[in-house]
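The primary structure of each chain is shown beneath.
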Amino acid sequence: MSAPGDVAARGRVELRGVGKRFRVDGRELTVLDGIDLVIEPGEFVTILGASGCGKSTLLRLLAGLEHPDAGEVRHDGRAIAGTGLERGLVFQEPRLFPWLTVAENVAAALLNAPLDADAKRRAVAGHIAMVGLGGFERAYPHQLSGGMAQRVAIARGLVNRPGLLLLDEPFGALDAFTREQLQDELRALQAREGFTTVLVTHDVEEALYLGDRVVVMSPRPGRIRAVIAVPLGQPRDRADELLGRLHHAARAALRDTLPLAA
Amino acid sequence: MSALPNPAAGPTAGRATGPARRALRGVLPPLLLLAAWQAASTGGLADPRLLPPLERVAAAAWTQLTAGNLRDSLLRDLGGFALGASAGLGLGLLLGLSPLAGRLLRPSFDALKGIAVFAWIPLIAIWFGFGEASKLAFIALAAFTPVVLNVDEGVRGVPAPLREVAAALAWTPWQRLTRLVLPAALPSILTGLQLGLIHAWLATVGAEYFLAKGSGLGGVLIEGRDRFDMAQVLLGVLLLGGVGYALNRLADLAARRLTRWRTA
Ligand SMILES: Nc1ncnc2c1ncn2[C@@H]1O[C@H](COP(=O)(O)OP(=O)(O)OP(=O)(O)O)[C@@H](O)[C@H]1O
Ligand SMILES: [Mg+2]
Chain A
1 MSAPGDVAAR GRVELRGVGK RFRVDGRELT VLDGIDLVIE PGEFVTILGA SGCGKSTLLR
61 LLAGLEHPDA GEVRHDGRAI AGTGLERGLV FQEPRLFPWL TVAENVAAAL LNAPLDADAK
121 RRAVAGHIAM VGLGGFERAY PHQLSGGMAQ RVAIARGLVN RPGLLLLDEP FGALDAFTRE
181 QLQDELRALQ AREGFTTVLV THDVEEALYL GDRVVVMSPR PGRIRAVIAV PLGQPRDRAD
241 ELLGRLHHAA RAALRDTLPL AA
Chain B
1 MSALPNPAAG PTAGRATGPA RRALRGVLPP LLLLAAWQAA STGGLADPRL LPPLERVAAA
61 AWTQLTAGNL RDSLLRDLGG FALGASAGLG LGLLLGLSPL AGRLLRPSFD ALKGIAVFAW
121 IPLIAIWFGF GEASKLAFIA LAAFTPVVLN VDEGVRGVPA PLREVAAALA WTPWQRLTRL
181 VLPAALPSIL TGLQLGLIHA WLATVGAEYF LAKGSGLGGV LIEGRDRFDM AQVLLGVLLL
241 GGVGYALNRL ADLAARRLTR WRTA
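As given, the protein sequences belong to chains A and B, one line each in that order. Positions 1 to 262 (full-length UniProt numbering) are the ones given, in order, by the first sequence. Positions 1 to 264 (full-length UniProt numbering) are the ones given, in order, by the second sequence.
Worth flagging that the hints you see were computed from the coordinates, not collected in a lab. Possibly wrong hints are sitting among the right ones.
As the list claims (entries may be wrong) - Simulated crosslink set (SDA-like; lysine to any residue; CA at most 20 Å straight-line):
#1 K120/A <-> R179/B
#2 K120/A <-> T172/B
#3 K113/B <-> E153/B
Unchecked claim - Far from chain B by the CB rule (all over 10 Å, computed), these chain A residues:
#4 G17
#5 D33
#6 A188
Being a predicted model, the structure only gives us computed values, none of them experimental. Cβ coordinates follow ideal geometry from the N, Cα and C atoms, glycine included.
The task is simple: from the sequences and hints, build the whole structure.
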């Protein structure tokens, strides 16, 4: 772990010929096949694909929760052998500890962080405020709505400032207004602090609005279909003309991936 | 967001009267039964030697309580429970946490738990004699089994998604045990302890009744039977039921306090 500020120098991700298979009902299912991708430090990459194309699996490989059956996954030059605090993960579901309050759930990410108690408390309070849950610090998960719970999970993923942040459809359960607000917060934070970010989504607009590059995946087996660069700085205008044009390109790439379109 | 209940506010006022009224409804049948009892024994419907009036039971209660029989039984019960529950917690955690220990020991334990606890009495009497030690051993054994079962089950039932969160947050093995496994298993552990408490109380009287006689409520029952003193026997039965009920309620309250996060 290092202090925030020099994280920009870290967070390089390499995927080389990555394949992943699962046994489902006695049959081998190839979920990921020949994934090649290099993500530069400080880059914001979004992964776009239809349901079941292996987006979560790809993210879990990066997190160190799964291991590839072929190829290799490297973070800052080292093969990813397991989970670690240098990589933060926000799951597709909130996955809060039901016996901990909102504040305790966020603080759970800092248990092994090299910060003193006071700095931890400030970080927790700051991140809860950032996701708009000030006043709910002492609420238990069962007292939260689904969207509120997911915001706690986002705060938990961010609070530790990992060099590589992995988010699995983090805004999927939120209303449009909160979603846009959190997208902006995340993008501003990332632009300010420069941590590498990989965000999975099936929302074309979100992928384009947030990503420096959009990786479009095709299903069965999960492969990289196209990589679309978004040559726009931050902050962006949601109505930007270029985003509109790229939207058509992304949709076309996505449509080609669907078996019914063939 | 403002439509959501304020998490800082306690239980709503409406809920507070609910349990009280329910508890009141719960004690109504026993009260009616006591009234019928009293009416039957004083009204000449029943032979007062078989069904003595309540005041004679109350008089017997005074003698027995001052003789310390209730206290002796309770101390014995809690001592045996403490022994059995701690051993049960230990073995339950071992079975649940170590896959090897689980595979190795769970089948034997499953076989052992099928033996009715009273079947152990002869063996225990031979191993530990007829004194206090064998009574404690018997009570401990009765509490042990449900604790092991429920702790093991609770520990193995920790949701895999939460295990992954703990892994992603780079928790140490100790942090996983104290902050994930134990809290997640707590409802099960408490169920085990509560069952253990009930079993221990039943076993207390069993031990006092079947092992050598001495102080305690079991002794009260035996003495009442031998002297054909129905007031004393009925007193013994009432005390057994009352204490069992009270222990269960206490365990219930403690469990609810400790797992507030489920309903807080
Ligand atoms: N642990 C597992 N065991 C067996 N099959 C799995 C496992 N995890 C994922 N799969 C399979 O891999 C495929 C891809 O799953 P994954 O969760 O990565 O999809 P996804 O792109 O994230 O979909 P969604 O958008 O619906 O979340 C699915 O067909 C799924 O059945
Ligand atoms: Mg997914």
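Next on the checklist: So G17/A supposedly isn't at the interface. Is its beta-carbon more than 10 Å from every beta-carbon in chain B?
Outcome noted: At roughly 25 Å from the nearest Cβ of chain B, G17/A sits farther out than 10 Å, so the non-interface label holds.
Next on the checklist: Holds or violated: K120/A and R179/B, Cα atoms, limit 20 Å.
Outcome noted: Cα-Cα ~18 Å, so holds.
Checklist entry - Non-interface claim for A188/A: all C-beta distances to chain B beyond 10 Å? => result holds, 22 Å
Item to check | Given hint E153/B paired with K113/B - CA-CA distance at most 20 Å | outcome: holds, 15 Å
Checklist entry - Does T172/B lie within 20 Å of K120/A when you go C-alpha to C-alpha? => result Holds - the C-alpha atoms of T172/B and K120/A are around 18 Å apart, at most 20 Å.
Next on the checklist: Beyond 10 Å on every Cβ pair: is that true for D33/A relative to chain B?
Outcome noted: holds, 24 Å
Violated hints: none; the structure is consistent with every hint.
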